[in-house]
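K.L.:
Here is how the chains run, residue by residue.
Protein chains: 2
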Amino acid sequence: MAPLYVARPLLPSLDELNVLLAEVWATKWVTNEGPLHNRLESALAERLGVPVARLFSSGTAALQCAMLALDLKPGGEVITTPLTFPATAHAITACGLKPVFADIDPDTLTIDPRAVERAITRHTVAVIGVHVYGTICDDPGLQALCSAHGLWLLYDAAHAFAAEKAGISSAAMGDLSVFSMHATKLYNTIEGGLITTRDPAMSERLQLARNFGIASEEEVKSVGINGKMSELHAAVGLLNLKTFEQERDTRRRLRGQYDAIISQFPGLIKQAHQRDVLQSEQYYMLRVEPDTFGASRDDIYARLKERNIFSRRYFWPICTDYDSYRGAPVASLQAEPVVERIKTTLLCLPFHSGVEPKHVQIFGEVLEEMAAACLATV
Amino acid sequence: MAPLYVARPLLPSLDELNVLLAEVWATKWVTNEGPLHNRLESALAERLGVPVARLFSSGTAALQCAMLALDLKPGGEVITTPLTFPATAHAITACGLKPVFADIDPDTLTIDPRAVERAITRHTVAVIGVHVYGTICDDPGLQALCSAHGLWLLYDAAHAFAAEKAGISSAAMGDLSVFSMHATKLYNTIEGGLITTRDPAMSERLQLARNFGIASEEEVKSVGINGKMSELHAAVGLLNLKTFEQERDTRRRLRGQYDAIISQFPGLIKQAHQRDVLQSEQYYMLRVEPDTFGASRDDIYARLKERNIFSRRYFWPICTDYDSYRGAPVASLQAEPVVERIKTTLLCLPFHSGVEPKHVQIFGEVLEEMAAACLATV
Numbered sequence: 000m001a002p003l004y005v006a007r008p009l010l011p012s013l014d015e016l017n018v019l020l021a022e023v024w025a026t027k028w029v030t031n032e033g034p035l036h037n038r039l040e041s042a043l044a045e046r047l048g049v050p051v052a053r054l055f056s057s058g059t060a061a062l063q064c065a066m067l068a069l070d071l072k073p074g075g076e077v078i079t080t081p082l083t084f085p086a087t088a089h090a091i092t093a094c095g096l097k098p099v100f101a102d103i104d105p106d107t108l109t110i111d112p113r114a115v116e117r118a119i120t121r122h123t124v125a126v127i128g129v130h131v132y133g134t135i136c137d138d139p140g141l142q143a144l145c146s147a148h149g150l151w152l153l154y155d156a157a158h159a160f161a162a163e164k165a166g167i168s169s170a171a172m173g174d175l176s177v178f179s180m181h182a183t184k185l186y187n188t189i190e191g192g193l194i195t196t197r198d199p200a201m202s203e204r205l206q207l208a209r210n211f212g213i214a215s216e217e218e219v220k221s222v223g224i225n226g227k228m229s230e231l232h233a234a235v236g237l238l239n240l241k242t243f244e245q246e247r248d249t250r251r252r253l254r255g256q257y258d259a260i261i262s263q264f265p266g267l268i269k270q271a272h273q274r275d276v277l278q279s280e281q282y283y284m285l286r287v288e289p290d291t292f293g294a295s296r297d298d299i300y301a302r303l304k305e306r307n308i309f310s311r312r313y314f315w316p317i318c319t320d321y322d323s324y325r326g327a328p329v330a331s332l333q334a335e336p337v338v339e340r341i342k343t344t345l346l347c348l349p350f351h352s353g354v355e356p357k358h359v360q361i362f363g364e365v366l367e368e369m370a371a372a373c374l375a376t377v
Numbered sequence: 000m001a002p003l004y005v006a007r008p009l010l011p012s013l014d015e016l017n018v019l020l021a022e023v024w025a026t027k028w029v030t031n032e033g034p035l036h037n038r039l040e041s042a043l044a045e046r047l048g049v050p051v052a053r054l055f056s057s058g059t060a061a062l063q064c065a066m067l068a069l070d071l072k073p074g075g076e077v078i079t080t081p082l083t084f085p086a087t088a089h090a091i092t093a094c095g096l097k098p099v100f101a102d103i104d105p106d107t108l109t110i111d112p113r114a115v116e117r118a119i120t121r122h123t124v125a126v127i128g129v130h131v132y133g134t135i136c137d138d139p140g141l142q143a144l145c146s147a148h149g150l151w152l153l154y155d156a157a158h159a160f161a162a163e164k165a166g167i168s169s170a171a172m173g174d175l176s177v178f179s180m181h182a183t184k185l186y187n188t189i190e191g192g193l194i195t196t197r198d199p200a201m202s203e204r205l206q207l208a209r210n211f212g213i214a215s216e217e218e219v220k221s222v223g224i225n226g227k228m229s230e231l232h233a234a235v236g237l238l239n240l241k242t243f244e245q246e247r248d249t250r251r252r253l254r255g256q257y258d259a260i261i262s263q264f265p266g267l268i269k270q271a272h273q274r275d276v277l278q279s280e281q282y283y284m285l286r287v288e289p290d291t292f293g294a295s296r297d298d299i300y301a302r303l304k305e306r307n308i309f310s311r312r313y314f315w316p317i318c319t320d321y322d323s324y325r326g327a328p329v330a331s332l333q334a335e336p337v338v339e340r341i342k343t344t345l346l347c348l349p350f351h352s353g354v355e356p357k358h359v360q361i362f363g364e365v366l367e368e369m370a371a372a373c374l375a376t377v
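First to last, the sequence lines map onto chains A and B.
Residue numbers for the first sequence follow numbering that gives the first Met the number 0, so the first one is 0 and each next one is one higher.
Residue numbers for the second sequence follow numbering that gives the first Met the number 0, so the first one is 0 and each next one is one higher.
Please keep in mind that the hints were generated in silico from the structure rather than gathered at the bench.
Check each hint, because a few of them may be wrong.
If several chains are the same, the list does not tell them apart, and a pair holds so long as it fits within one copy or across any two.
To be verified - No farther apart than 30 Å at their CA atoms in a straight line, the calculated lysine-lysine pairs in the DSSO-like style are these: (1) Lys72 <-> Lys357; (2) Lys357 <-> Lys304; (3) Lys241 <-> Lys27; (4) Lys27 <-> Lys220; (5) Lys27 <-> Lys304; (6) Lys304 <-> Lys72.
In this text the structure is predicted, and so the values were computed from the model without any measurement.
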């Protein structure tokens with residue numbers, strides 16, 4: 000059996016792509032806010048229900064541009080979760096700012112506003128919530144806290160494309176929402192990023208931040224980097240916009256199949272099901288309580304790997320395990336932060352339209368074998 | 000006549016591109032150091048005569064990754080020239096470092112090591128020289144200074160792809176050389192960047208810096224961002240590598256034609272011709288001395304524009320004219336920095352294989368008309 004990975008990029012047909020590339024080649028306008036790029040920005044703003052949608056070369060470049068657009072001064076502290084992809088913390092550090100970590104809620108695994116409150120100092124300038132695995136943060140809680148303390152509220156919405164909570168688009172939460180459109184994402188542009196906001200005044204600042212601050216041939220207005228998306232990547236984005244909902248439907252069905260299997264095993268816990276949430280279906284994450292299940296997350300990972308199924312211990316290591324942040328405190332309501340206990344229990348399964356019934360069956364078999372072996376030992 | 004711009008991207012045929020894209024689509028490995036990416040890195044290292052060539056998503060991302068790889072701490076000062084594209088200074092600022100400006104040599108217009116020396120403080124951590132318009136910096140002078148003061152020496156070689164001085168590749172100068180492969184460059188990958196170095200020990204640090212510091216599934220070793228080049232852009236790069244020398248030949252002939260015209264006009268000064276230099280032929284830059292020629296750089300720019308030829312007042316504004324750095328001192332040997340006098344005299348002409356004999360003729364006519372009008376006025 001061919002190896003199966005956690006993610007597989009949704010790609011348009013090369014024939015369709017060629018029609019768009021022929022347009023690009025005809026004008027030779029290949030980057031720098033070209034026609035396809037601009038069409039994609041409009042289409043995304045409409046699809047996500049926000050007035051402003053700005054494209055970037057990557058989700059990380061978008062995070063950096065968000066901090067530049069907000070003019071966050073070097074040395075300022077930005078509070079975020081340690082349970083995230085390295086990009087979140089590293090983008091903060093790479094901007095000359097300091098990431099400060101706050102604990103997660105034990106049910107949603109998203110940043111806990113009460114922990115954030117404990118991490119606030121006079122140097123704090125912003126909070127970045129992360130909608131991990133598509134689970135939506137406590138936006139009302141974070142917004143109330145940030146408003147009270149005069150802090151910017153950003154979301155790393157890399158996992159929450161086209162998600163909604165109580166009818167509110169994930170793109171319309173906080174001051175800025177930052178998406179990744181990397182190949183591993185439900186909706187992808189190969190490499191790409193997006194910032195959305197309800198605030199039209201942010202639009203120009205974001206545009207300046209991604210294009211060196213250049214306002215005109217005669218004026219450089221602010222600090223900016225190269226955060227531009229090329230026409231090649233925008234072409235992929237325009238085509239994938241037509242098919243990602245179909246991919247999401249497939250994943251939704253797959254979630255049901257995985258859920259049915261793991262609910263048979265004590266000690267395996269499904270991802271939080273949030274009321275009123277339209278899930279992005281970015282990841283299928285499960286938690287393994289080894290004392291109850293009888294084997295650890297790492298055991299399941301290893302056994303699946305033997306069958307050529309590559310799950311992912313995601314997120315692990317967490318930020319405070321990296322060389323760069325080791326020993327950094329995690330503000331928490333507990334003596335031992337929740338995230339420390341949880342981090343070795345998380346496993347993401349292959350979750351895309353390349354997952355076939357035989358793969359799901361193998362997953363079920365592996366769990367049964369492991370559970371049976373544990374019973375035999377007892 | 001169709002408008003003519005300073006740059007026009009060198010592009011492969013879509014048929015050729017499709018052969019490579021079919022390879023990519025077959026494996027679905029579309030980014031994250033894919034096969035085409037790795038082939039391109041090897042090809043560039045060989046072509047440029049260096050042991051290490053690392054690809055990036057853009058020249059600016061490459062600059063940021065260079066500073067991350069060198070672990071330059073926020074607050075440190077990096078000395079560079081004010082006569083450069085915004086990316087040079089902004090990449091420094093966006094990393095939380097401070098750009099400090101030093102004056103240029105009046106002949107080569109590259110940063111003057113004697114001016115750099117005056118700008119050094121105890122906070123200085125690095126110097127970034129810029130090979131403007133393909134003119135190579137005083138590398139021995141800068142290297143001696145940086146060695147004496149224990150500073151990193153970087154080059155912004157965005158204009159100096161495949162250039163050589165005295166047989167030494169521009170890719171082998173300083174500690175790190177940073178190239179842009181943006182669409183406007185002689186050799187382009189649509190959007191792209193490259194770092195080259197003679198030091199094999201830098202290779203892993205650069206790789207980590209562009210991929211979130213991720214060393215393995217289990218280890219995040221250093222601070223990094225997303226500086227990855229996709230397979231789509233790498234495909235364009237592989238194909239353009241076969242044709243850029245032909246484009247450079249065309250430009251070399253065009254330089255001869257422009258040179259012949261402007262040498263007829265007192266007050267028009269050619270770009271410094273450097274002995275022993277293989278020019279990148281990135282730009283054709285001329286200087287306009289208005290008192291002698293009888294009209295200014297801006298006058299020529301405006302007159303060419305009327306004829307649908309779009310030259311570029313490049314670099315103008317200079318960094319110390321931007322809102323972000325206005326009033327920043329320029330360390331200089333002169334009371335008034337050379338760069339202040341020079342900045343309003345620089346004009347870059349359309350310089351690529353799309354420039355036809357009729358365009359060159361119009362350029363000559365415009366200059367003749369302007370010179371005649373000035374004589375009539377005298």
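K.L.:
For each hint, tell me whether it holds in the structure or not.
P.N.:
For each hint, the structure was consulted:
no.: 1; hint: Lys72 <-> Lys357; result: neither (53 Å within a copy, 51 Å between copies)
no.: 2; hint: Lys357 <-> Lys304; result: within (15 Å within a copy, 65 Å between copies)
no.: 3; hint: Lys241 <-> Lys27; result: both (25 Å within a copy, 19 Å between copies)
no.: 4; hint: Lys27 <-> Lys220; result: within (28 Å within a copy, 40 Å between copies)
no.: 5; hint: Lys27 <-> Lys304; result: between (46 Å within a copy, 20 Å between copies)
no.: 6; hint: Lys304 <-> Lys72; result: neither (45 Å within a copy, 41 Å between copies)
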